[in-house]
Structure formats: structure tokens, C-alpha cells
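A.B. asks: This is what each chain is made of:
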Amino acid sequence: MSDVSLYYETLRGPVQAVDSVNLEVPKGEAVGVVGESGCGKTSTSICIMRLLPDNIHTFTGRILFDGRELMDMTDSEIRSQIRWREVSMVFQGAMNSLNPVIRVGEQIVEPLRVLDKVQKDEARERGVARMRQTGLPAEAYRMYPHELSGGMKQRVIIAMALIMSPKLVILDEPTSALDVSVQAQIMNLLKDLKREEDLSMLFISHDIALTSDLCDRFAVMYAGRVVETGEAEQVLQDPQHPYTEKLLASVPRLRSDVTPEFIPGAPPDLVNPPPGCRFHPRCPYVMDICSKREPEMFPTGDGQYAHCWLRGDEHG
Amino acid sequence: MNMADVMLIEDIRMHYQVRTGIFKTIPLRAVDGVTLAVPPGQTLGLVGESGSGKTSLGKLTLRLMEPTAGHLYFKGKEITHVPEGRLKWFRREAQMIFQDPFASLDPFMTVDQIVEEPLIIHRIQGRESKVHRALEAVRLTPVEEFINKYPHMLSGGQRQRVAIARTLILNPSYIVADEPVSMIDASSRVSVLQILSRLQKEYNLAFIYITHDVATARYFSDRLAVMYLGKIVEMAAADELISTPLHPYTAALIAAVPDPDPTNRLTKRRVIPGEPPSPINPPPGCRFHPRCPYAAKICRDEEPPLREVEPGRYAACHFSEKLQDDLLTLAHGHVDASSGRSAQPPTGASPKP
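Protein chains in written order, with our numbering: chain C, 1 to 316; chain P, 1 to 353.
What the hints contain is simulated information worked out from the structure, not anything from laboratory work.
From a predicted model like this one, the values you see are computed outputs, not experimental measurements.
Any given hint could turn out to be false.
[Claimed, not checked] In silico lysine-lysine, DSS-like type, Cα no more than 25 Å apart, as pairs:
1. P/Lys297 / P/Lys268
2. P/Lys88 / P/Lys75
3. C/Lys27 / P/Lys268
4. P/Lys59 / P/Lys77
5. P/Lys149 / P/Lys130
6. P/Lys149 / C/Lys167
7. C/Lys191 / P/Lys268
8. P/Lys75 / P/Lys201
9. C/Lys191 / C/Lys117
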């Protein structure tokens, strides 16, 4: 994604949910998009899936997928060629949106039946194979959602996302409604799938610790913008943007005695974001320039970039 | 346990009746024999997964539900079956903070009205200055800026602080906080917990902190009690319980929670199989045995009592002493003796420098 912006039209004016976002998901890697609620994580992913609501004010930029420009494609081209076939998505809380009166197996293979007109028997074979891969017994194919536990329903959703063998899977808070012991099982499953299928993943979460359990690269979002990107080692151990640094410091740890701190203030209103760097009102290192000019993504290391004036000047 | 405890819970049980047919009901044992004490000025963290009975237990101690059996003592006085009319003093002393600050505040009331309401109900004078002090205590300052706002104009963290101000206004000595930060953004979570800690010291408040999140529980609690299917399986000082768990379930809960660490992705997390079974028909013997990697025959036959394994450390497991080393490895991986910090076992893949 390069320079992608998505503004929503509201009565109060356009909401700059996604603003000039650049994001890259290399083949076979998992990229974690982390940030607080309302920072534009989910909006970023629906840009790729082209699942836009009606109240769009602005939708610009370039989204290159496997060499193809998605922004030039029509909605019906996206539907028939991209969505679910090449890019699939596990939505937040999706396990609660399974149709209660249709057998889960039939729901898993629905994309095959609709998009590829696959015959019932073949679809079932492929569905059962995907269910096995996600740790579900073959018998579950003929079960209804209410007969399955939360963890099993989430596996159904993941099997559904994989049914067309997509190249990229977007996972939006895939474990947020699950108990911690089941959450760990699902994270292990995702690790297996990533390796076995050479899948690219975009993992969206507010939980930076959970994201570190899967992701090779991080993109930290704040107020509609990506403020830092880099390898997991770089971002977690040597964060270059003050927001990343403070976000990491706010996580209570189980295995060390560092006392967590909070970030004073609250994320800004995206109808009327602060000028310059959007983090400057909360930033402990704020300088004069921060409220006047927006920083660029300055390179700070091999593949690591930070959207902060501390890491560069007007000349780059 | 002594009478100085703010809240003393003795073998409390809460059995719901679940209808399975027109005339048939079966009991669901949400809380099944729990004994606990909450001393003044301390926080007892109640940790467990959904359906473990932690919220039911919290509500029982506030007499929001009638227990099926057992006794509750508040500051030495029995409150178990006292009629509501004679509980008004207790209603002032004991308060609750709810999980969802979006649902627990009336959207048509201003901050002022929300915080003031308990004073009106209890017919207490000097309301204006009390509201001011409560809002200052939760750091919603300058007070004038917040007092006339409606809940929708506030962030999640600010809303939860309004809810805290409302519980404080009656000068309680005991507060049940049910997942007070789980719906708040990561960057403000700690600020709400810090406010609670500070208020605890200032007013000598006793807390029950109910959560599924062992990391915040460790940070905010003095003692932790881990619940599984209506029973306490382990109880100890928070740091001890996290650093050296004595029950396999505690160890598995800890193992499931990552710290932000780039090496996490290189190994698989050690997990226990399955999901918590239904409390309607809990497994015989130790309730955890079907998921326990160390289960033996005795675990299926005999329910282990909660016993003092080490001074001040209670666990309900037949093998707590034997399993100490295994549980440490399960929870934290290999522990580097020099730093005390845990590391994942090597798997061949090494992190980049």
C-alpha cells in the first residue's frame, strides 16, 4: 500500500481514519499492525478488501497486490478475482456471525461453491481437508455452530478464510473473544499455517505482546497514520518513535519487574487532528517543529522507519 | 484469617438452576465452596477464564445475589441472609466497578449527575463539594471542564474514571472491580490502575480485582486467587504465584500469555489442550484433570482439597510438591538463573542480532 488515505464522511466533517499509509507485506511473512482503538487498523484492512461503507469521503492511493493495482479494479473485478480468492479476512468476532441454521462445513466451502461453482462432493473433500488442517475433526463438518465451542468456531472461521488458498490472510483481532488458553492454541495454529502454507499475514491487534507471538514485522499506527515500521527485533527492542516506546512501556509484564507507565492524554479526534505530528500533544520529547510540520518516514536502521522529527530533519 | 478482614467469605456456594425441560432443572455450580479473606487496604486478584465463577463470586460478596450456602462477614458482621432493609450501611461501604464504562453510565446524565446520584439516594448533604473532591481524586481536572459533560464526550479511560468517582463518593471501604480496564486502550489502562492504587493507599480500600488478564492482576494485586470451574485452585502472594506456580492450571495460564518479545514468534507456545468444560457437569475428581498434562489415576478419583503447600501458599493439586520444577518450565520456559528472566527454550532458529 502506498500513500493510501480513507476518510469517512460524517455530520461533523470528514474523519481521517487512514491518512497516507504505506505498508508492505512481504511474501510468507506476518506483519503486525498495532495501535489503540480508533487508530485506523481495521480501516486499513478494509481498503485492501475493498469492503468500504457508503459514507466514503476520500479513498486514494495505490494498493499493489502481487503486481496488480487494486485501485484500478472495479468492485466486481475485486469480488471475482481478489476477495477470498487471493486475499481473505478473519474479522473481529467473526465466530459469532456464523449462520446458526447452516452446517458449518457448508459455510466453510461456500466461497468454493459460489465463486468456482465446485461440485458438492469435491467441495466437501476440500472443506474437510482444511478443517483437519485447522485442528477440527471431520465430524464437525455436519455440525451446527451451537454445537461447537468458541475455540472450534474460531477454527471454522480460519478454515473458511483458507478455503480458496489465498496468498494473503488479514486477521483482525482473531483471538479477542477467546479465553487465554484457547488464544494460545489459535496462535500456535496460525504459526503452523504460516509455515506450512507459506502464507502472508496481516495481523491486526491492539495487543503488542500478542502480536509479537506471530509477526516478523510491525507497523505501529497512531491516529490514522503509520508512525513506525520495522522488524520485530527493531521495533520491540529498539523503538524509534516515542509512541512505540511509550506503548511498549505501558504493557504490564509477566516476566520482568518493570513498572508499566501510561501515556498521558488521549488519542485525538480524527475529524480535527492536531497539525504536524499527530502525537505531538502527548509526546514527552516534543519540539517546536513537531506542531508545525509533519515529519516524513525517516529511515533509522536497516528496514526500520520512524515518522518523527527526532530521527531526521527537513533534508531527510 | 481473622475478624480484622474487611470481607470474609466462608465456604460460599452459588448454584444456579438451569432448565433442561419443562419440569426439569439441573444445578450449575458457578461457585462451589470458596473461602477467602480480603484484608483492609489490600487487593485480592481473582483470575480465571470465562465460566470460572469469578464474577459470580464478586457479586455474591456484594449481596447482589443470594448465595446457595455459606457465610459472608463484612467487618466482622454476618451479612449473609440479612434482609435488604437492614443492609443500607453495607451498601454505602461496599461498591462495584463494572467492566464496560460505556454501559454502566447513563448516557442522558451529566458527569455531575452521575457522580452525585449515590449521595441523593443515601440523603447525604454537602453534595457539590463532595462531587468536586471525588472528581479531583480520579484526576478529572480541571473539574469544571468535565462536570457538565455527557459520557459520550469522554474517552473510555475518562468514563471509567467517572465510574470510579461514583463508587468513591460514599467513602466505601470495599470495592469489587470486575475487569475494570479490559475495555480501555492499552495506553490508558495503567493510568486507571494507578489511580485505583493511589486511592487504595489514601483511603485504605480493600479491593477484589476480577480479571482474566494475569499480567495486570500481577501488577495491581497483593494476593492472587486462581479460579477454575467454581473453585479456587491456587492462592498466594501475587509475585510468588506468577514466578513459581504450584498448580498446573496456573502454570498453563501464565504460559499462554506472551510478553512483547521478538523471540516469541520463533517457538510455539506450550498450551494445554481443550477448553474449560461446562460447570453444569464438571469432571469427577480434580476438575482440571481432563486437560492436565500430569493427570494420574488419583486425579480422576479424588478431588484435591485446597491445602497449604508452603507457608502462605495454597494449591488444590495432589502433586504440587513433585511438580514444582515442571510447572516452572511450563510457565516460563528455562529460567536464566543469573537474571531471573525467563527465556524460551532454543529451537534451532535464532533471532537476528
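A.B. asks: Now, for every hint given, state plainly whether the structure supports it.
C.D. replies: Status of the hints after comparison with the structure:
Note on P/Lys297 and P/Lys268: the hinted pairing is violated, with a Cα-Cα distance of about 29 Å set against a maximum of 25 Å. Proposed proximity of P/Lys88 and P/Lys75 is supported: the alpha carbons are some 15 Å apart, at most 25 Å. Distance restraint check for C/Lys27 and P/Lys268: the Cα-Cα separation of roughly 21 Å lies within the 25 Å cut-off, and the hinted pair is therefore satisfied. Using a Cα cut-off of 25 Å, the hinted pair P/Lys59 and P/Lys77 holds, with the two alpha carbons roughly 18 Å apart.
Distance restraint check for P/Lys149 and P/Lys130: the Cα-Cα separation of roughly 18 Å lies within the 25 Å cut-off, and the hinted pair is therefore satisfied. At most 25 Å may separate the alpha-carbon atoms for a hinted pair to count; P/Lys149 and C/Lys167 exceed this at roughly 48 Å. Taking the CA atoms of C/Lys191 and P/Lys268, the gap is about 7 Å. The hint holds against a cut of 25 Å. Between P/Lys75 and P/Lys201 the CA atoms are separated by roughly 19 Å; this keeps the pair inside 25 Å, and the hint holds.
Of the pairs offered as hints, the one joining C/Lys191 and C/Lys117 is violated, with about 31 Å between alpha carbons and a cut-off of 25 Å exceeded.
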